[in-house]
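Participant: Each chain, letter by letter, is given below.
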Amino acid sequence: MKLLFSCSLLLFITAACLSGSASSRKLRGISSSYKRFYRERRSFLCIDGSRVIPFEQVNDDYCDCEDGSDEPGTSACPRGRFYCTNLGFRPHYIPSSRVNDGICDCCDASDEYNSHARCQNSCWNLGQKERAYVEGQMRTLDEGLQLKQQLIEEGVLLWREKQAQLRELQQVAEDLQIKLEEHRRRKQEAEQNLKALEAGHTRVRRQNSSESTFRLLDSNNDGSLSVEELQEKLVLVQEEELLLSEEEAVALMGGGRQMDLPMFQQSLWDVLNTEERVKIRGSVDAEDPHLKAADTAAEREASSLKKVEEAYDTISMEISDLRTKLAIDYGPDWEFLFLNSQCYKLSVYEYTYTLCPFNQVTQESAAGTEVSLGSPLAPLPEMASATIARAAVMIMEWRKTLA
Amino acid sequence: MATFTERMAPVLVLWLAVFLSGTWAVDKGNFKTCDQSSFCKRQRALKPGESPYRALLETMELTNTRLTLQLINDNNKVRLLLELYRLQGNMTRVKINELKPLKPRYEVPDVLIREPPTEPLSLLSQDENGVVLSLGAESQRVILSARPFRLDIMEGRDVVMSLNSRGLLAFEHLRMRKDTSQADPEAEKKEEAEPETQPEAAKEEEKDEAGMWEETFKSHTDSKPNGPSAVSLDFSLPGVEHVYGIPEHADTLRLKTTENGDPYRLYNLDVFQYELYNPMALYGAVPVMLAHNAQRTTGIFWLNAAETWVDISSNTAGKTVFGKMLDYVQGSSETPQTDVRWISESGIIDVFIMLGPTPKDIFSQYASLTGTQAFPPLAAVGYHQCRWNYNDQEDVAAVDAGFDEHDIPYDYIWLDIEHTDGKRYFTWDPHKFATPKEMLQGLMDKKRKMVAIVDPHIKVDCNYKIHNEIRSRSFYIKNKDGGDYEGWCWPGSAGYPDFTRTDMRDWWASMFAYDQYEGSMENLYTWNDMNEPSVFNGPEVTMHKDAMHGAWEHRDVHNLYGFYVHMATAEGLIQRSGGVERPFVLTRAFFAGSQRYGAVWTGDNAAEWEHLKISIPMCLSLGLVGISFCGADVGGFFKSPNTELLVRWYQTGAYQPFFRAHAHLDTPRREPWLFGPENTALIREAVRQRYTLLPYWYLQFYNAHRTGEPIMRPLWVEYPQDPATFALEDEFLIGRDLLVHPVTEEGARGVTAYLPGKDELWFDVHTFQKHNGAQSLYIPVTMSSIPVFQRGGSIIPRKIRVRRSSSCMTHDPYTLYVALNPQRTAEGELYIDDGHTFNYEKEFIHRRLSFASNLLSSVNLAPDAQFSTRSWIERIVILGASKPSKVILKTDDGQESQVEFDFDASMSVLTVRKPGMNAGADWSLMLQ
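Just so you know, the sequences run in chain order H and Z.
If you use the numbering used here, the first sequence corresponds to residues 1 to 403, in order.
If you use the numbering used here, the second sequence corresponds to residues 1 to 928, in order.
Calculated from the structure, these hints are not laboratory results.
The reader is advised that the hints may include incorrect statements.
Said to hold, decoys possible - Here are the simulated EDC-like cross-link-like pairs (lysine to aspartate or glutamate), alpha carbons at most 20 Å apart as the crow flies: (1) Z:LYS446 with H:GLU56; (2) Z:LYS914 with H:ASP105; (3) Z:LYS446 with H:ASP105; (4) Z:LYS914 with H:GLU56.
Computed from a predicted model, the values in this text were never measured in an experiment.
Between the sequences and the hints, there should be enough to build the whole structure, so can you do that?
Facilitator: Encoded structure:
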C-alpha cells in the first residue's frame, strides 16, 4: 500500500515534469487554496460560474471570465489578481495590472516573468528582516508589558495613596465642620451679649450725659465750647488720628465759633449720638468695662471663626483638586497615572514643544513667543483610554528621542 | 535692501490680508476698465464714420511679393505705409506703420515660425478710385479704395471681409512732447526740412488729452515718455453671426457683443479669483479671432503684444429669434453682419487675414504662421496629481503609495512653490526636500515622474546664485530710471529676468542642465507660473509699463513675456538631454505661438459648479487658436469641492487634454481616496477611462502637432454647416470621433446631448447602445455616468490593461473599437512611437485601419518610418456588426487562420478573440 502510494507520487511528479512549462504556466499566480479550481481538465469553469471555457484558455493572456479567474497569472483581466507565493516571506496578492509591468512587486520576482525588469528573489532577506523585526517587536512588547506592569503597580499604589489622602482630608473636613458650627454659635452668643450691653449703655448716655459731655468738651470750663476745644476733643470716626480742621469744627458748630449748653443739646449732642461719623477722642465706650469686655469677647470669637473657616476652605479645595485628578481616566489599571504632573519637551526646527499630559501643550518659538496648543489630554473623563494609550506611546517614543 | 523690505512689509501685510479675507470674487477695482485705460478710452471715443485716411495711389509699388502704398490722414497730414501681402495657403497680410516714425515702433518678433512665404499678387484693374488685386484662383480679389481708404476682400460677388469700412483706422503717430519740442531746435529743424509731411498748421490742431503723456491708476503712475502710440482698425464680417477665439477670457465659447460694456481685453494678468462670464483680461492672450457661418470660416490674427481691446458688435445682436424669423419670412432682412474693432496701445498694425474657407483650413493657415502644438511625452497625457503643496519627501512618498494602494494610475506628481529653499527657484528646501534625487529615483522606480515649479521672479538675495548671475550679466528688466526693476512676489523683493533677450533665454535654458539644477533628474519636469508677469505691488498686479527691455518699453512686449519664459524653459529641458528628450512645461501666461512649448491651464479657478462648466468653453477657445494642450484645475483651485463636484470634475477632466488635479494651500486634502470607497471607485473609474484611451489621445496630439487642428474641438468644427452646433459649449469632440457631454450640473438626473450629423450614428462607449445623429438625446445619468459617444464610421484603439502609469503600459496589447456607420464602413488610425524622445520624427508606426466590405485591414501610412513594437492586437470589437459565420485573419506572410469570436446579438456587437498580430504589421481580417 505504502509502496503503491510512493510509486504513484513518483509517477505524478514525473508526469508534472514532463508536462513542463505548460503546466507551470497554468498554475502561475494561484494560491494553494485556489489550486482546486485549476485542476487540468478539458474545460475551465470561471470561478463566478459565469462561463465555461476550454482549459487551454487559462492563463493564455486573454481575458475570458468576467471575474478574471481565467487569467490569474497574466495581466489580461482588468479585475484580476496575481498571487505572489513569496517563499520565505509573506505571500500576498497584487492586482493583475502589476504583472509584467517592469516593476518588481513580488519578492520572489514571480510577477515579472516576461519583462525587462531584472528582479531578484529577495524573499529570504525580507523574511530574515521581518523575523528579526518581529523578534525585536516581541522584545519591545515584553519590555513594554513589564514596564506597564510596573507602572500599574505604581499607579495602583499612588491611586490608593491618593484615595487614603482623600479620605483623611474628608475626615479633617468633617471635624472642621463640627468646629465651625461650634464657633459660629459662640460668635453669635458673644455678639448678642455685646448688642444687649450696648443698647443699655446708649440709653444711659442719652438720658444723663448731655451736660457731662458738654463739660467734658468744655476744657476751660467757661460754659461755652470753642473751635479749639472741639478740635482738641472730637475726631472723625474713620480717621481718629487726624485732627479736625478748623472748617470742620466750625461746621459742627453750625457755622459759629462759640456754642453754649442749650445750643449744644439741640444740635451737636444729636450729631454725636445719632450720626456715627463724629465721636469724642478716646471714645466714651472705654468708660464701661463690661461693654469693653463684651466687645473684646465678640472680636475674639469672630477671629477664631474666621481661622476655622479658612482652614475648612483650604481643605475643601484640596479635596476638590484631588477629586478632579482622580476623576481622570488613567487607563483601566491606572497605568498612565504617573504621567500626571510630568512635562516633556521636543525641539522641531525652530520650535520647542512642551507636552504636559493631562494639562497642556505649548509651542515656543526660538524668538520666545509661546503659544498654547490646547490641552489634548486635559481632564476629560469621557476620553477613551485608547487615546491616552496612543498618547502614552507617543510620549514613550518622545522619551526615547530625548534619551 | 533692508529699507526696501521695511517699506514693502506693510504692502505685503495688506496683500495677505486681502488674500486671506475670503471674499470669493475678483476685486474688479484692481483692474482697469476701458475708461480707465486712456488709449482705450480715446480710441473708443472715435465713432464710426468717414475715415480721415486716404490712399495715395501714386505711391503704390507692386512687386512680385507685395504691394506698398502710402496712406495720409487728411486731418493731421501724417503719412502711414501700408504693406499688403498675399501669403501661401490663402492668407492676406496687412501691415500698417508710420511712414516716418519719430523712432521705430515695436514689431513682434519670434512668434511667427518664419517669415511667411508669399505668393504673387496681380493687378486686375486700377483707376483713380482704387485698385483691384487678384488673390489667386477662386475669384478672390482685394479691392483697395482710395478715398476714404478701405479694403474689401471679395469672393465672387460676395464681400468676405472689409477693413476700415467703418472708418476706425487710427494711428497715434509718435510725437515730441509739446513742452519739450519747443525747446528742442533739432526737432524744429526736422519739421522745417519736411514741411510737406507735417505742416505746422495741421500739427497745432492736435490737442493733448489727459492721459497721453502720463497716466495714473490707483497709486501707480505710468510715465509714458513716448506719449500716445495706440493703433486701431475695424473689420466687418458680412453674413457672420458667430465669432470665437481671442482667449483668454472666462466667457462663453461664442463671443458676445460688447456694445453695452467693456470690450474683450487682452492683457496678461494674474487675476485673483476671477469672475465668470465677462470680458476681463486673464493670464494669457492670443489675438486671434475666428468668424464662422454655414458657408465659410475666416480668421483674423492681430499680431500685437501690447495691451489690446477688442470690440464686437452685430446688427442682429438685439434681435430675438422670432424677429430674425420674421425678417427671413418677409425677406426684408439686411444681411447679418458682425463688426470687430481691435485697439492696441503701441506697436504697429500687422494683421493676418485667414480666408479659410473651412475651419480646418483656418487651423492649417494659422499653424503655418505660428506653428503647432508641441508633441508632448506620452506620460504628460496621463493624469497629474498636484497640490499647493506636497509638504515633504515623506508626503510625496505617501501620496505615491496611496495611488498604488487604491489602484489609481498617475504619471506626474507636482511640487508647488513650497518645495524651494525660500522661493528660490532651482533649489530645494533643505529640511523638507533634503534628498530630491532619492525622491525622484523612488518615483522613477515606479515609472513615474515629477514636475517642480520654476517661476520667473527671482529673489533679490546676494547669496542666491541665480540672482547673482542674472544681476552680474545685467539680465534683469530695468525700471524707467535704468536700475534693475524690483517688484514684490512670493520670495519678497524680486527681479524679473528679461526673457525677450536671446542671450538671457540661452542662459536660462542652460540652468536646467543636470549639473546646474541640483537635485534634478530626467524625470523632473517644469511648471512656469506667475509669468504674466505677476508683480504683487505693481499696477494691476503686473509690471509697470514704463519698465525697460533694452530699447523697448514693457508696454510694447507685455503679452509676450510669458511666451518667452515658456520658450526658454522648454528649450532648457530639451538641451539638458542633448536634444533627445521631449520637454514638458506647463505655463499660465501665453501668447500666439505658445502652443509650440507645451501645455497651459486656466489658472486659479474655484471649486464651484460654474467653474467646472466654464472649463469647457475656455479650453475650446484655446484649442481654436492652436493651444490644444489645455486643462483646468480638477476640483477647483480655491475653496473645497463637495464630493459630487469633485467626482464630476474628475469625470470631465478625464476627457480634457491636460488632466491635473490641483488645490490651494488652505484647502483640506483631496487625494482621490479621501472621500469614502464609493467616491474613490468613481474617481478610479474616471482616471482608468482616461488611461484606456491613451492611444487615441496620443494620436490626437500627434495629429495636432502635424496639422494644428484642435484636440478638444467644438462640434461646429466637424459640422460647420449645422447651425445647431454653433453655440454648443456643454459638449465637445475629442478629435473627430469621440463626443463628450460631461455632467456639470449639481444633482443631475440626466443630460441632453446633441448628437450631430443627419447621416451619422453614435455609439455609447459604455453600453454600445446605438443612436442616430442630428438629434438631441436625453441621457439619464447616475454618479458613475460620463456620457461619451463614438462616431459610427470610426476606429478607436485602446489599451484596456490599465496600469500604474502610462510607461508601464508601453508594451501592452491594443483593443480596436470599430464603430460602423450606416454604410457599414469605418476608418481610424494607430500611432506608436517610443513615447518620449524626438526620435518620433523618424521612428514611429502610423497605420490606417479601415473597415469596408466586411474586411478590416491595417495599412502602413509611413513606410519610410521605422519602429518596432512588442504590442499586439488582443481584441477587436465591432459595433453595429452582424454575425459572421467565420472570421479569417490574413497576416503579411500570407498565412490565413481562423479566429474565434463572440457575437452579442442584442447589441449587435462582434468581439474577435485574440487575433494576436503585431500592432505594427500589415494584416487584414475578413468577416465571412
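Participant: Run every hint past the structure and note whether it holds.
Facilitator: Verification of the hints:
1. Distance hint between Z:LYS446 and H:GLU56 is unfulfilled; the C-alpha atoms sit about 33 Å from each other, more than 20 Å.
2. For the suggested pair Z:LYS914 and H:ASP105, the alpha carbons sit about 27 Å apart, so the restraint of at most 20 Å is broken.
3. For the given pair, Z:LYS446 sits about 10 Å from H:ASP105 by alpha-carbon distance, which is consistent with the 20 Å threshold.
4. Note on Z:LYS914 and H:GLU56: the hinted pairing holds, with a Cα-Cα distance of about 13 Å set against a maximum of 20 Å.
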